[in-house]
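For chain A, the structure is supplied; the task is to place chain B on it using the hints.
There are 2 protein chains.
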Amino acid sequence: MDSSPIRIGIAGYGNLGRGAQAAIAQQPDMQLMGVFTRRNPASLQLADPSVPVWSIDEAAARRDEIDVLILCGGSKDDLPVQGPSLAQWYTTIDSFDTHAKIPEYFSSVDTVARAHGNVSILAVGWDPGLFSINRLMGEAILPQGATYTFWGKGLSQGHSDAIRRVPGVAAGVQYTLPVQDAVNQVRAGQQPQLSTRQKHTRECFVVLQPGADGDQVRQAIVTMPNYFADYDTTVHFIDADTLHREHSGMPHGGFVIRSGQSGHGDGQVMEFSLNLASNPGFTSSVLVAYARAAWRLKIAGETGARTVLDIAPGLLSPKSAADLRRELL
Amino acid sequence: MDSSPIRIGIAGYGNLGRGAQAAIAQQPDMQLMGVFTRRNPASLQLADPSVPVWSIDEAAARRDEIDVLILCGGSKDDLPVQGPSLAQWYTTIDSFDTHAKIPEYFSSVDTVARAHGNVSILAVGWDPGLFSINRLMGEAILPQGATYTFWGKGLSQGHSDAIRRVPGVAAGVQYTLPVQDAVNQVRAGQQPQLSTRQKHTRECFVVLQPGADGDQVRQAIVTMPNYFADYDTTVHFIDADTLHREHSGMPHGGFVIRSGQSGHGDGQVMEFSLNLASNPGFTSSVLVAYARAAWRLKIAGETGARTVLDIAPGLLSPKSAADLRRELL
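Line order of the protein sequences matches chains A and B. If you count the first sequence from 1, position 205 lands on 205 in this note's numbering, and the numbers rise without skipping. If you count the second sequence from 1, position 137 lands on 137 in this note's numbering, and the numbers rise without skipping.
It should be emphasised that the hints constitute simulated quantities derived from the structure, not laboratory data. All residues carry an ideal CB built from backbone N, CA and C; glycine is no exception.
Quick look at which bits of chain A chain B covers, simulated, 3 or more residues with Cβ under 8 Å: (1) 257 to 266; (2) 280 to 286; (3) 310 to 321.
One chain only, chain A, in its complex shape (with noise of 0.2 Å):
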């Protein structure tokens, strides 16, 4: 391996951007160069303030300064617009997450890498991600079986949102949590069919406004359709201070599980599982891994759009494959 180190810039400076800063600071190969943004450059306060800060309109003068840009916005409305784009100057890595617009995202960035000779990994983090190469290897090693996804006990920020838009909701939190009789149902091998209902609960963590009828708020979060209606969902009130106190964390975790039977119908039960203290830092923890990846195809000449599922594990660490057969095999 080329010893001088994988320069890393990020694109993006919320909790992700953050938290690829830290992570980077782990990694024994490699040094974040700088942070685009879309604000003021003078207005961002970095946690290590030797890393410059630039305008994302000079994006196209510092490719040459990065190896790998690491595309840290949200999947809304920012990734599908900044994937295409910067994939033009840079081989990126993003945590795209709306999986259903995953192939025409996929579609879209690799078109533009292809052209320009770069390398883009997309949709990584935990899931899609981690969860998503586990669900590939259940069902791949033991055809004949049923997958199960949990997730929890974790904080949804699309869930959080919903509560606060309701009437009366000063603020407040959701987490989601699998129901662990039908975790241990599935552990065990019973391969049961289960709803949505019966799979997980939702709680919420709310402080009312003012004035506001907490029966009445109740009512109209547990009721929501999409969001809360196909749950058994329990509502607590509190003040803002236990909020402020006791909800700011951004706990995360869940289980993908394989239950079948190979092939003389021994019951075979493959889990992957999470318990994450900050979500985001675990994501970007994710992205930091697969840069190294992404700039190993760079080198070996490798261009077009990748996902988790397409890389080969020994890309994602610092040791050669010849160290990894001995230590890790």
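Showing chain B alone in chain A's frame:
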């Protein structure tokens, strides 16, 4: 993808070979062409009698009838010879599992496979294999942390053989069990330092020879160096009927847990676990899935030895990359 099935051969017809035959039957895109044996082919009773049985001496002659040959021999005596020898005629898969000798074995197979334009994926299974992948991903994503591997509850072939060599023992089996307290500490993110004794216990079920002294046998087992002296070992004496009735299965499993801190110090725990009713049944299912990957690499013009760490997950699935992105990401 080409729609003609991948033509698979099996070399060796013990537990693993029989498991591979059953696993191939579960795959939509594979066909078992024949089984090579060192025994008299006429003496072999296959589950499916329509599959031909050939002498291993015909291996060179039948090279054009088979796309991928799955080597189902043992790691101690069979594979060190068969691996390099058969790689001159075939693209191969094997489950070589003597961890310390993998680099040497890799090198000997790699030389032959390269010289003859074949691909060999070796040391495939769950440990080495799927556990290795998870150890790698854990340390690549969370470089600050500790990796723990626990095995069991599972039947250990090597330790069962060891107790059967003790004077006075007519028959017996040995199970390895993880210490639940240790597993719980690791899952909770405590990153304990664990001695060999603190991680696993060993449980033996022994049938005594007529007139043998149970106390003497127990003492000989629990003090046996390398195998039992470093563990808390329990010895149960049972009769031959009970052994046959309750201990004929080959269950196994275990956990790989990575407990680490992402960049801002948040505790993150990744876990991969297996709960297997049949160890050889599952191992052969893994071998068969990797046979698909080997054939794709061969078709793509690659040559030489590989391990699971070199294989992109998508190569294991019969589905196209586009279908995988749509269905599993």
